[in-house]
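J.: Sequence:
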Amino acid sequence: SREEHLGRQALRSMGIPEGTPFICFAARDSAYLKAKYPRSDLNYHDFSNSTIDNYVPAAEYLVKRGYFTIRMGAAVAEKLKPTDPRILDYATNGSRIDFLDIYLSAKCRMFICSAEGIGGIPMIFRRPIVFVNWIPLGDIWTWSEDYLFIPKKLWLHRENRFMTFREIYDSGVHLFHLTQQYERLGIDVVENTADEITAAVLEMDDRISGRWQVTGDDRELQWQFWAKHKSAYAAIPPKCRIGAEFLRQNRDLLG
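Per the numbering used here, the very first residue in the sequence shown carries number 11; after that it's consecutive.
The set of hints was computed from the structure by calculation and includes no laboratory data. The structure displayed is predicted, hence computed values, not measured ones. One or more hints might be untrue.
[Said to hold, decoys possible] Simulated restraints on C-beta separations: (1) Asp94 - Arg194: 39 to 49 Å; (2) Asp63 - Trp236: 23 to 33 Å; (3) Pro247 - Met24: 36 to 46 Å.
Here a beta-carbon is modelled for each residue, glycine too, at the ideal position from N, C-alpha and C.
Hey, can you work out the whole structure from these sequences and the hints?
T.: Put into structure tokens, the structure is as follows:
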């Protein structure tokens, strides 16, 4: 079709050889909303923003596994600091168009993003998605086995510790959608580290490739999390997974 021809042509112009798999990633920041609504104060969305630099180590690992990686975004706050020519900053290199946003999202091996609008495109085309820096917990897109997520952690100032999952759900914080709600309760929203993002991304790649080995301990940790989960989509039984390494490293949050 004409669309397929245009898409393949665009991939070649980006330096991606025919048939080479690629992975898309995006980090939500304040730039898009500021560009779209320049006269509005939209800092109530700040709790959901994240830093693109923390995604780069995952992209570097994926390049070592033979992929090209493409940073997506219609308006972004910062350019990537290039570390490899196969990590492409499509969001800022002047090649971004609406058609390619759709084509790349539909054809990628997987998409890495947070709770942002562009995640709806790979969802429509049933691509595997790794959701990182997810917040709030009650809004997790749980309805596909092809989704994997890791959440932001919530630091309690007064008690000098992270909130457990049970506390987040029981207090109603799992449905907080305003920065000011977290601030009023003295909660710092802590974004995922580069190591956390990398572990989740490599887990998804291993799952897609059939290399992932599930242990009994991992099954138990998954069960402990989902037994506490309260969803805004209560009628839909959860099918997605929370990152295995994230749970291994944060067992105390399951208390």
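J.: Evaluate each hint against the coordinates.
T.: Taking the hints in turn, this is what the structure says about them:
1. Asp94 - Arg194: 39 to 49 Å: 43 Å, holds
2. Asp63 - Trp236: 23 to 33 Å: Holds, since Asp63 and Trp236 (Cβ atoms, about 31 Å apart) stay within the stated range.
3. Pro247 - Met24: 36 to 46 Å: At 40 Å between Cβs, range holds.
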